[in-house]
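K.L.:
Place chain C on chain B using the hints.
Protein sequence lines, in the order shown, are assigned to chains B and C.
Just so you know, this note's numbering puts 378 at position 378 of the first sequence, and the rest follows in order with no gaps.
Just so you know, this note's numbering puts 598 at position 171 of the second sequence, and the rest follows in order with no gaps.
Keep in mind that the hints were calculated from the coordinates and are not lab data.
Possibly wrong hints are sitting among the right ones.
Taking lysine-lysine and the BS3-like style, the derived pairs with C-alpha atoms no more than 27 Å apart in a straight line are [what the hints assert, rightly or not]: (1) C/Lys458 x C/Lys584; (2) C/Lys557 x B/Lys250; (3) B/Lys13 x C/Lys539; (4) B/Lys13 x C/Lys584; (5) B/Lys13 x C/Lys546; (6) B/Lys94 x B/Lys76; (7) B/Lys76 x B/Lys179; (8) B/Lys250 x C/Lys442; (9) B/Lys13 x C/Lys570; (10) C/Lys484 x C/Lys507; (11) C/Lys570 x B/Lys250; (12) C/Lys507 x C/Lys495; (13) C/Lys484 x B/Lys250; (14) C/Lys570 x C/Lys507; (15) B/Lys76 x B/Lys121; (16) B/Lys162 x B/Lys51.
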Amino acid sequence: MSKYIATTTKDIKLLVRDIAGLAMLFGMPMVLIIVMTLLQDSTFKALEEKKLPIAIVNLDQDTFGVSIVEGLSTSKFFHVSELGRNYNSIEELKKQVTDGNYQIGIVINKDASNLLRNNIKYNILQQLPAEDSLIFGNDPISLMKSVGIDIYFDPITKNSFKQSIVSALNQYSSGVESKIMFEVYSSLFQELLGMEMRNQGDFSNLVDVQTLYAGDNEEFVPNSVQHNVPAWTIFAMFFIVIPLAGNIIKERESGISTRLRIIAGSNLPIILGKVTTFFFVGLIQAISMLLVGIFVLPLFGLPQLIIGGNYLTLLVLTASISLAASGYGVVIGTIASSQEQASIFGSISVVILAAIGGIWVPVFIMSDFMQILSMISPLNWALNGYYDVLLRNSGMMEIMPYMLTLIGFFAFCITIAWFVRNRREMA
Amino acid sequence: MSVSINISSLTKRYKNTEINAVDNISLAINKGEVFGLLGPNGAGKTTTISILCSLLKATSGTVEIMGKNLATDLYEIRSKIGMVPQDIALYPNLTAMENLNFFGRMYGIDAKVLTERKKELLHVFGLSEKAHQRIATFSGGMKRRINLITGILHMPKILFLDEPTVGIDVQSRTVIMDYLMTLMDNDMTIVYTSHHMEEAEKYCSRVAIIDMGRVIENGAPKELIHRYSECNNLEDIFLEITGRSLRD
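So that you can see chain B by itself, here it is in the shape it has in the complex (with noise of 0.2 Å):
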C-alpha cells in the first residue's frame, strides 16, 4: 500500500509542476469540444441555412416544368436560377455546373408535361372497359418513354446533398403528377356527366410527416450539443495515453525503472499508482468539458447540453472510461521501446480507434463489416453508454454492459503490462 501510495502522489507532484503539461492536458481538451460541436453545428445549419444554388433550364414551360421549378425555389435548401429556356442553356448549364457556379445543373426536358398527360390518359384508358377506349378522341394514345428530369452535378458535391435534391424532386414530381391527373379526370367528368368542375380544393400536405424522438424524456432534445459533447470528450479522455505512456517510457530512459526494479517486491503498486493519477486526471477533464457543453457552448450560441438526473450513472460511466484509457496509456507505455513509438502509435491508434467506434461517422450508417469492427473500440462502447445516459436517459443497470466491457478491457490492459514487464525484470 506504501509504494502504491507513494507512487500516486509523485505521479501527482510530477503533473502539477508541468504546468505546459497540464495546460495541453485540460486546454486542448476544451478547445477541441468547442471547436468540434461549432464544426458540427454550423455544417448542419449550412443545409438549412446556406441555400444550395441550383442552376435550371426548363424546356417543358407547362405545368410540370413550371410546378418543378416554382417547388425548389418556395424550398428554404435551395436557391435556383433559371439559365434559359433553349437546347442551347443545356450546354451553358452544363458548363456554369463544371465550372463549380452551381453544385446541381437541371433540366426538365421538353414536353415533359404533354408526356405525363399521355401516359396518365393512356393508364386510365386501361382501367375504363373497351367500348370507353375513344373517350380521349379518335387519335390511339400509346405509353411514352418517362418523363425525363436530367440533373448534372459538379464532381465535389456532397453526397448528402445529391441525395437532398433528388428526394426535393421526387418529392414535387409527386405532387405534380397528382395535380395533372387530377386535371384529366376533371377534363373526363366534364365529359362524360357534363358536370362544370370548379377545379379548387388544396391537396398539398394530405399526409402530414412528425418527427418525433423515442423515448419517454422530453427533456433530452438530440442536437449537435447532446451528440458532440460526449463523443469528443471521450476521444479527448484516451488522448491521455500520450503523456501517461510518456510518463513510463521517461522512468525506463532515465534509469529510473532500473532503479525500481531491483526493489525487492510486485511491480503492481507502482503501475497502479500510475494509473490512479491518470485515472483522476481522465475523469476531471471529462467533467471539465461536460461543464463546458453546459456553460460555455450557449455563450457561442449552441445549445445547452442537458445532463438530466442520472448523474451517479453518468459518473459512474465516465470512471470507467477513464479507467479504460488510463489502462490502454500503460499497456503502450509498457510495450513501446521509445517516446516516440509511444506518442505516434498511441495517437493514431485512439484515431482509429474513434474513427471505428463512431465518434466521427455514426455507426449505423457503417458497413456491415465495419458495424461489426465498430465493437472491438472502446470509444464505442463508451460512446454508446454515453449516448444511452445522454440521449436515451437510461439508468445504471441499462449501461452496465459498457461499464464492464470498459472495466474488462481495463483489466486486459493491467493484465498484459505486468505481464510483459515481469518478463522484462528478467531479459
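P.N.:
Then chain C, alone, in the frame of chain B:
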C-alpha cells in the same frame, strides 16, 4: 572472511550476437570489501554488474549472493542489495527531499528511520541546504551525490555502483569515495566499476580487470603492482594488459 558474492562460470551472450559479453567469469567477493571491476569500454563491466543486480539473466553460470542463488531467490536477494546506476536515475522535477521520500517508501523504510537517514546523508554529502530544491537545478556533482544517497538510503548489505564518479569534480568524487569507505567499515560489500585507475588503486581492496568479457587479472592493487614490477601504478598495469588500442 566470509564470501558475499560467489560468481561461477558466468556467461552472457545477447540475442543476435556471436560473442559473449561476459565470458566464463568466476570470482569470489568477500564481505566488507570494496571490489573494483575495471576494464576498457565494452569490456563487459556493466553487463556483469547488471547480472549481479538481477537486471539481466545470465546465459549460463551461477551467482550466489549471501549464500542465496540469484536465479531462485530473487526477491530475497533484492531486499539486500542496492544499486547506483551510471545515469542520474532521479525525477528532475521533484526536490532532492521528495526523491528521497519516494525511493525511501519504495524500499519500505520505516518513516522515522527514513527521516533520520535522509537528514544524516544529506548532511554528509553537503546537500542539507539544497534538500528542497528541484534536482533539475542541481550541478552535475550534486546530482551524482544525490544519486548515490538514493542508492544507499536503505543501507543494503551489498552495494553495486556503475561508474559513480563519472564526470564530476575532485571534491565531489572525494566526498563520495570517502563515504563509501565508511560503509565498508560497516561491513557493506561494495562492487563498483570505474575508469579512474587512481581512484580504484586508492579505495579498492581488490580489483578485477576485465577485457573481452573475461577476467584477465585479479587481486589487490598493491599485490598487482608488485606482480608487474615494470609498472608503477594500476593504470600502467591496465594499459600493459589491455593494450593501447582504442575501444568502442
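K.L.:
Are C/Lys570 and C/Lys507 close enough, with their CA atoms no more than 27 Å apart?
P.N.:
Distance ~24 Å between C/Lys570 and C/Lys507 Cα, so the pair holds.
K.L.:
For a C-alpha distance cap of 27 Å, please report whether B/Lys13 and C/Lys570 respect it.
P.N.:
20 Å, holds
K.L.:
Straight-line Cα separation of B/Lys250 and C/Lys442 no greater than 27 Å?
P.N.:
Roughly 25 Å separates the two Cα atoms, so the pair holds.
K.L.:
Below or equal to 27 Å on CA atoms is what counts here, so check B/Lys13 against C/Lys546.
P.N.:
22 Å, holds
K.L.:
With a cut-off of 27 Å on the C-alpha distance, tell me whether B/Lys76 and B/Lys121 pass.
P.N.:
34 Å, violated
K.L.:
Would the hint linking B/Lys162 and B/Lys51 be met if the CA-CA limit is 27 Å?
P.N.:
14 Å, holds
K.L.:
Compare the distance between the alpha carbons of C/Lys484 and C/Lys507 with 27 Å, and conclude whether the hinted pair is satisfied.
P.N.:
Roughly 18 Å separates the two Cα atoms, so the pair holds.
K.L.:
Regarding the pair C/Lys557 and B/Lys250, is the alpha-carbon distance no greater than 27 Å?
P.N.:
25 Å, holds
K.L.:
Take a quick look at whether C/Lys507 and C/Lys495 sit within 27 Å of each other, Cα to Cα.
P.N.:
Status holds; Cα separation ~11 Å.
K.L.:
For the pair supplied as a hint, B/Lys94 and B/Lys76, confirm whether the alpha-carbon distance does not exceed 27 Å.
P.N.:
24 Å, holds
K.L.:
Given the hinted pair B/Lys13 and C/Lys539, is their alpha-carbon gap at most 27 Å?
P.N.:
Distance of about 22 Å is within 27 Å: holds.
K.L.:
Decide if the proposed pair is consistent with the structure: C/Lys458 and C/Lys584, CA atoms, cutoff 27 Å inclusive.
P.N.:
With Cα atoms ~9 Å apart, C/Lys458 and C/Lys584 stay inside 27 Å; holds.
Of the numbered hints stated above, those contradicted by the structure are hints 4 and 15, listed in ascending order.
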